[in-house]
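K.L.:
Respectively, the protein sequence lines represent chains L and V.
Taking the working numbering, the leading residue of the first sequence gets 1, the next gets one more, and so forth.
Taking the working numbering, the leading residue of the second sequence gets 1, the next gets one more, and so forth.
Bear in mind the hints are in silico, worked out from the structure with no lab data behind them.
Since this is a predicted model, take the numbers as computed values, not measurements.
In this text, a Cβ means the ideal position worked out from N, Cα and C, and glycines have one as well.
Among the clues, some could well be false.
[Unchecked claim] Take a look, some chain V residues computed to stay more than 10 Å from chain L by CB distance:
id	residue
1	Glu24
2	Pro39
3	Gly45
4	Thr124
5	Phe172
6	Phe198
7	Arg272
[As the list claims (entries may be wrong)] So, partial list: chain V residues that the calculated Cβ filter (under 10 Å) puts toward chain L:
id	residue
8	Gln16
9	Gln88
10	Arg173
11	Leu193
12	Tyr195
13	Gly204
14	Val215
15	Ala217
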Amino acid sequence: MNAALLETRGLCKNFGALEVARDIHFRLERGARHALIGPNGAGKTTFINLLTGLLAPSGGRVLLEGEDVTSLAQAKRVKRGIARTFQINQLFRGLSVLENVCIAVTERLGAGSSMLRPAGRRADVLAEASRLVDAMRLGDDAGRRVGELPYGRQRLVEIAIALGLNPRVLLLDEPAAGVPSAESHIILDAIAALPRDIAVLIIEHDMDLVFRFAQRITVLVSGAIFAEGSPAEIAANREVRAVYLGSALDA
Amino acid sequence: MSAAATRNPAALELAQRHRFRWWETLPWLAGIAAFFAFPNYLAFGSQLLIMILFALSLDLVLGYAGIVTLGHAAFFGAGAYTVGMLAQHAGWTEPLSGLVAAAIVAGAIGLASGLVVLRTHGLTLLMLTLCTMALLEEAANMASHYTGGFDGMPGLKFAPLLGWFAFDPLYFRSQYVYTLLVLFACFVLVRVLVYSPFGQSLTGIRENLLRMHAVGAPVRARLVIAYGVSAALAGVAGGLFTQTNAFVNLSALGLERAAGVLIVLILGGYGRLYGAFVGALVYLLLEHTLAKAYPTAWQIGVGLMLIVVALYARNGIIGIGDALLRRKGGAR
Numbered sequence: 001m002n003a004a005l006l007e008t009r010g011l012c013k014n015f016g017a018l019e020v021a022r023d024i025h026f027r028l029e030r031g032a033r034h035a036l037i038g039p040n041g042a043g044k045t046t047f048i049n050l051l052t053g054l055l056a057p058s059g060g061r062v063l064l065e066g067e068d069v070t071s072l073a074q075a076k077r078v079k080r081g082i083a084r085t086f087q088i089n090q091l092f093r094g095l096s097v098l099e100n101v102c103i104a105v106t107e108r109l110g111a112g113s114s115m116l117r118p119a120g121r122r123a124d125v126l127a128e129a130s131r132l133v134d135a136m137r138l139g140d141d142a143g144r145r146v147g148e149l150p151y152g153r154q155r156l157v158e159i160a161i162a163l164g165l166n167p168r169v170l171l172l173d174e175p176a177a178g179v180p181s182a183e184s185h186i187i188l189d190a191i192a193a194l195p196r197d198i199a200v201l202i203i204e205h206d207m208d209l210v211f212r213f214a215q216r217i218t219v220l221v222s223g224a225i226f227a228e229g230s231p232a233e234i235a236a237n238r239e240v241r242a243v244y245l246g247s248a249l250d251a
Numbered sequence: 001m002s003a004a005a006t007r008n009p010a011a012l013e014l015a016q017r018h019r020f021r022w023w024e025t026l027p028w029l030a031g032i033a034a035f036f037a038f039p040n041y042l043a044f045g046s047q048l049l050i051m052i053l054f055a056l057s058l059d060l061v062l063g064y065a066g067i068v069t070l071g072h073a074a075f076f077g078a079g080a081y082t083v084g085m086l087a088q089h090a091g092w093t094e095p096l097s098g099l100v101a102a103a104i105v106a107g108a109i110g111l112a113s114g115l116v117v118l119r120t121h122g123l124t125l126l127m128l129t130l131c132t133m134a135l136l137e138e139a140a141n142m143a144s145h146y147t148g149g150f151d152g153m154p155g156l157k158f159a160p161l162l163g164w165f166a167f168d169p170l171y172f173r174s175q176y177v178y179t180l181l182v183l184f185a186c187f188v189l190v191r192v193l194v195y196s197p198f199g200q201s202l203t204g205i206r207e208n209l210l211r212m213h214a215v216g217a218p219v220r221a222r223l224v225i226a227y228g229v230s231a232a233l234a235g236v237a238g239g240l241f242t243q244t245n246a247f248v249n250l251s252a253l254g255l256e257r258a259a260g261v262l263i264v265l266i267l268g269g270y271g272r273l274y275g276a277f278v279g280a281l282v283y284l285l286l287e288h289t290l291a292k293a294y295p296t297a298w299q300i301g302v303g304l305m306l307i308v309v310a311l312y313a314r315n316g317i318i319g320i321g322d323a324l325l326r327r328k329g330g331a332r
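Starting from the given sequences, assemble the full structure and let the hints guide the process.
P.N.:
Put into structure tokens, the structure is as follows:
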């Protein structure tokens, strides 16, 4: 069996007696468009936190291209190409949109420790950050403070920051959460336009988005994988419909 | 500069942010002008410059990196006692190398304590910085054989600057020029730091710690280094304090000094380089004039001012100026 880009083997996480991840065996293939769905409290965000190293697992392993990264700190995993967005915006609210992206690009290039040269002289950083900001169609707001932007546009800054890390794996935690439906198409377009060579794992409650976007779907219930398959298989799965999809698909 | 980076006005703004602006010469011109205009106030001027340097060092950690500390006088005191003890016990009276020693000792204490206390945040961090200072203060009090204990070390003698300019408290003028030059050198260093990618990453840590981890930044290391640099600069300020006053005692590292510099920075505006200048000037002028009029109650005036700033001008006096300029710009 060849190694997946990102893989977990028997991943477990307990908070005391509460099991939030139970023996999760999961594979994310190169260039995948993979969705993670499940009811609230199923442990989806916890699973992402385990993948990125924000949380340490109670058991099991995380492998990146077959290499064990379970004990690597979050920052080291970012350097190896695992980037994420947060369910609730985690941005530098007092800084401009462009600065937000610049900070990510600067860290990726390993220039964040440089003390003597002005940040503004890094034309390479500025050019790349500008390109990403334009790609997210944030060009007109590049100089505005992130805290002043409407929530939907802030979500795009989240994605731009993650792309600034030049990831091989992109973990999107409910990218359209909190965005008014009139603006959600902006997020959808941005996700649809992501480079094909990036493997994307998306947590989302919006089933339209999930079934439009995903080639593969994993259903998580109570911290364990309940079902996995193509969108057609998941849509046809009676048990999944019973526990989760029912109303969303019938509607 | 590539065309892509300059196309967007925001990118252009970032690319030019570190450049010197004409008004940045004003504080230094004022410093030089004061030398000629107020020959009788140069001792006061030296203490003002030292306060600016101390507040500037605090700005680096508090204003830029967002490290909330109540114990920054620990490093001021470490520098002050280093210079004092070297002069008293080792006969090391050469002033410039004394400042270097002060920076090294204070910086080392900053790095060592930073490695421990910067694992925490918020109130815990605040308390631990206070504890660090209390430990040093008590050590200076107990080790009276070396530090002079409660009385400190009065009547210290220092060699003339560059073997030529005497600057004990009777020689106000060389003292003032010396302090101004040291402040300028330290300011240039801080300014370079805050506009560097390193300084940008400190701002990132202040704005969002979680996100900074998630872009792969070694957050702890950055904070510890910033804390060490800031401690070294505070140590230089403390060293200047000892050299210009020719004494050092426990007042160099108490809570009163730590709180004083915090007030200065909040008054002036933190995270904006020049807040230290404005804050120190206003604070010392206020202290000076109010203490003349109401010798026992001058702190009431400072307290009232602080309340007004905390309630109505969260970005300090400089912030008020910013807001006025922006309003004017918006009206145009």
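K.L.:
All the hints need checking, so say for each whether the structure fits it.
P.N.:
Each hint tested on the structure:
1. Glu24: Holds, because the least Cβ-Cβ distance between Glu24 of chain V and chain L comes to about 14 Å, which exceeds 10 Å.
2. Pro39: Pro39 of chain V is indeed farther than 10 Å from all Cβ atoms of chain L, at 38 Å.
3. Gly45: Non-interface label on Gly45 of chain V holds, nearest chain L Cβ at 31 Å vs cutoff 10 Å.
4. Thr124: Holds, since 21 Å exceeds 10 Å.
5. Phe172: The claim holds: Phe172 of chain V sits with its nearest Cβ about 35 Å from chain L, beyond 10 Å.
6. Phe198: Phe198 of chain V not clear of chain L: closest Cβ-Cβ about 4 Å, inside 10 Å.
7. Arg272: Its Cβ never comes within 10 Å of chain L, the nearest being 12 Å, so this holds.
8. Gln16: Result: holds, 6 Å to nearest chain L Cβ.
9. Gln88: Check failed: Cβ of Gln88 of chain V comes no nearer than 35 Å to chain L, outside 10 Å.
10. Arg173: violated (34 Å)
11. Leu193: Result: holds, 6 Å to nearest chain L Cβ.
12. Tyr195: Where the cut-off is 10 Å and the nearest Cβ of chain L is about 5 Å from Tyr195 of chain V, the hint holds.
13. Gly204: Since chain L brings a Cβ to about 5 Å from Gly204 of chain V, closer than 10 Å, the hint holds.
14. Val215: holds (4 Å)
15. Ala217: Since chain L brings a Cβ to about 5 Å from Ala217 of chain V, closer than 10 Å, the hint holds.
Going down the numbered hints, you'll see the structure goes against 6, 9 and 10, while the others check out.
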